[in-house]
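**Student:** Sequence:
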Amino acid sequence: MDRANRSVVSEFVFLGLTNSWEIQLLLFVFSSTFYVASMTGNSLIMLTVTSDPHLHSPMYFLLANLSFIDLGVSSVTSPKMIYDLFRKRKVISFRGCITQIFFIHVIGSVEMVLLIAMAFDRYVAICKPLHYLTILSPRMCIFFLVAAWMTGLIHSTIQLAFVVNLPFCGPNVLDSFYCDLPRFLKLACTDTDGLESMVTANSGFISIGSFIILIISYIVIILTVQKHSSSGSSKALSTLSAHITVVVLFFGPLIFVSTWPSPSIHLDKFLAIFDTVLTPFLNSIIYTFRNKEMKLAIRRVCRRLVNYRKIS
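Numbering (the numbering used here), first residue to last: 1 to 312.
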């Protein structure tokens, strides 16, 4: 039977973030600024890594892929949120809502696996430096990338397998600024308590499981680094602190939203903004712009672009 015959709802209405004009203006400036900065920074990182031969190593390969994913993180919900801020009626089609949910879960899962791969990269570089290029071979890097995308696609497909065919006959109002899966399920014209528990458990398990793996990995690395008292060890600790900061910033809001999806709590909306707008920007700053080699490579790329424009 066609979905149209089972489902009266063809679009969903977002309540958005706030009705205050002043807060909307502040959110517009904040979101627009960091969205443009995130897109520019992550695009520049990808261009730099792919074009500079000095950066053709496993660590920068993973960084470039993280930047690509961060472009997706920024783009799945942010543009529509910014566009909707001053609109009275904020709507999204049924298909658009399903598509948004799908990509949110794909991209989120891919980023989790990439963060784990980057932790493994740092573990090998610090704990087994003589075997670094042997262990982190091009084949291993491709394996990490394929595993990340397969995990994301499988997770998202499982999330939506029992959702896409649910009947929706009204109401069609989502108390959010994007298609939030738990709130989406509550609008179905059938009992979804069991499905909601499954979806929450699935997302929560992946988020908390990945977070625990990362924390354990970094604890092992830090304990290894502390056994050495050299300037190289201090530099390694500084790098690790940056990595751990980004991990906490990424997983903190994500775990809260995944495991405590209560419509009565509006804090999760602002945490979602933080995760989709600010975190991708911070990734580009903390993971790369604090890296001396990356900064030099970016300057070389910018110089080449300026010279190319002058010649053309």
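Hints are computed from structural coordinates only; laboratory data are not their basis. Be aware that a few hints might be false.
What the hints assert, rightly or not - Dumping the calculated SDA-like pairs for lysine to any residue here, alpha-carbon to alpha-carbon at most 25 Å:
| # | residue 1 | residue 2 |
| --- | --- | --- |
| 1 | K186 | L25 |
| 2 | K295 | H56 |
| 3 | K186 | H56 |
| 4 | K90 | F68 |
| 5 | K227 | I213 |
| 6 | K88 | V13 |
| 7 | K80 | S241 |
| 8 | K292 | F270 |
| 9 | K292 | G252 |
| 10 | K295 | F68 |
| 11 | K80 | P129 |
| 12 | K269 | Q24 |
| 13 | K269 | G209 |
| 14 | K227 | I285 |
| 15 | K295 | I23 |
| 16 | K292 | L133 |
| 17 | K80 | V36 |
| 18 | K186 | L249 |
| 19 | K186 | T18 |
| 20 | K90 | G16 |
| 21 | K80 | G209 |
| 22 | K90 | K227 |
| 23 | K128 | L282 |
| 24 | K269 | L25 |
| 25 | K292 | I244 |
| 26 | K90 | L267 |
| 27 | K80 | K269 |
| 28 | K186 | V8 |
| 29 | K80 | L282 |
| 30 | K128 | V8 |
| 31 | K90 | L15 |
| 32 | K269 | F94 |
What the hints assert, rightly or not - Taking CB as the label site, the calculated pair distances span:
| # | residue 1 | residue 2 | range |
| --- | --- | --- | --- |
| 33 | Y83 | G209 | 28 to 38 Å |
| 34 | M140 | C169 | 46 to 56 Å |
| 35 | G209 | L267 | 18 to 28 Å |
| 36 | A147 | I216 | 37 to 47 Å |
| 37 | P53 | T245 | 37 to 47 Å |
| 38 | H56 | A161 | 14 to 24 Å |
| 39 | H56 | S10 | 14 to 24 Å |
| 40 | I23 | H56 | 24 to 34 Å |
Ideal Cβ placement from N, Cα and C applies to all residues, glycine included.
**Student:** Does each hint hold? Answer for all of them.
**Tutor:** Results of checking the hints against the structure:
Proposed proximity of K186 and L25 is contradicted: the alpha carbons are some 30 Å apart, above 25 Å. With a C-alpha separation of about 15 Å, the suggested pairing of K295 with H56 holds against the 25 Å cut-off. A distance of roughly 47 Å separates the Cα atoms of K186 and H56; the hinted pair therefore is violated under the 25 Å criterion. Taking the CA atoms of K90 and F68, the gap is about 28 Å. The hint is violated against a cut of 25 Å.
Taking the CA atoms of K227 and I213, the gap is about 22 Å. The hint holds against a cut of 25 Å. In summary, the hint linking K88 to V13 is supported, as the alpha carbons are separated by about 10 Å, within the 25 Å threshold. Between K80 and S241, the direct Cα distance comes to roughly 34 Å. Violation of the 25 Å bound is thereby established for this hinted pair. Of the supplied pair hints, the one linking K292 and F270 is violated, its CA atoms being roughly 33 Å apart against a limit of 25 Å.
Annotation: proposed proximity of K292 to G252 is violated, straight-line Cα distance about 28 Å (limit 25 Å). In summary, the hint linking K295 to F68 is supported, as the alpha carbons are separated by about 18 Å, within the 25 Å threshold. Distance restraint check for K80 and P129: the Cα-Cα separation of roughly 45 Å exceeds the 25 Å cut-off, and the hinted pair is therefore not satisfied. Pair hint K269 plus Q24 holds up; C-alpha atoms about 13 Å apart against a cutoff of 25 Å.
A distance of roughly 23 Å separates the Cα atoms of K269 and G209; the hinted pair therefore holds under the 25 Å criterion. About 29 Å separates the Cα atoms of K227 and I285, which puts this hinted pair outside 25 Å; it is violated. Distance check on the hinted pair: K295 and I23 sit about 36 Å apart at the alpha-carbon level, beyond 25 Å; violated. Simply put, K292 and L133 have alpha-carbon atoms about 21 Å apart, close enough for the 25 Å limit, and the pair holds.
Distance restraint check for K80 and V36: the Cα-Cα separation of roughly 14 Å lies within the 25 Å cut-off, and the hinted pair is therefore satisfied. Distance hint between K186 and L249 is unfulfilled; the C-alpha atoms sit about 28 Å from each other, more than 25 Å. Restraint check for K186 and T18: the C-alpha separation of about 21 Å stays at or below 25 Å, so the hint holds. The hinted pair formed by K90 and G16 meets the criterion: a straight-line CA distance of about 7 Å does not exceed 25 Å.
Taking the CA atoms of K80 and G209, the gap is near 31 Å; set against the 25 Å cutoff, the hint is violated. Of the supplied pair hints, the one linking K90 and K227 is violated, its CA atoms being roughly 56 Å apart against a limit of 25 Å. Simply put, K128 and L282 have alpha-carbon atoms about 29 Å apart, too far for the 25 Å limit, and the pair is violated. Taking the CA atoms of K269 and L25, the gap is near 16 Å; set against the 25 Å cutoff, the hint holds.
For the proposed pair K292 and I244, the alpha carbon gap of about 19 Å is at most 25 Å, so the pair holds. At roughly 20 Å between alpha-carbon atoms, K90 and L267 fall within 25 Å of each other, so this suggested pair holds. The suggested pairing of K80 with K269 holds, with an alpha-carbon distance near 15 Å, which does not exceed 25 Å. A C-alpha spacing of about 15 Å is found between K186 and V8, which places the hinted pair at or below 25 Å, so the restraint holds.
Using a Cα cut-off of 25 Å, the hinted pair K80 and L282 holds, with the two alpha carbons roughly 21 Å apart. Distance check on the hinted pair: K128 and V8 sit about 59 Å apart at the alpha-carbon level, beyond 25 Å; violated. Restraint check for K90 and L15: satisfied, since their Cα atoms lie roughly 7 Å apart, inside the 25 Å limit. The hinted pair formed by K269 and F94 meets the criterion: a straight-line CA distance of about 21 Å does not exceed 25 Å.
Distance hint for Y83 and G209: a CB-CB separation of about 35 Å, consistent with the stated range 28 to 38 Å. M140 and C169 have their C-beta atoms about 50 Å apart, which keeps the hinted 46 to 56 Å range intact. Range check, G209 to L267: about 24 Å between beta-carbon atoms, so the 18 to 28 Å window is met. In this structure the supplied range 37 to 47 Å is violated for A147 paired with I216, their Cβ-Cβ distance being about 19 Å.
Separation of P53 from T245 is about 30 Å and departs from the stated range, judged on CB atoms against 37 to 47 Å. Taken as a hint, the range 14 to 24 Å is violated for the pair H56 and A161, whose Cβ atoms sit roughly 39 Å apart. At roughly 49 Å, the beta carbons of H56 and S10 sit outside the given window of 14 to 24 Å. Distance hint check: the CB atoms of I23 and H56 are about 46 Å apart, inconsistent with the given range 24 to 34 Å.
Of the hints listed earlier, those the structure fails to meet are numbers 1, 3, 4, 7, 8, 9, 11, 14, 15, 18, 21, 22, 23, 30, 36, 37, 38, 39 and 40, in rising order.
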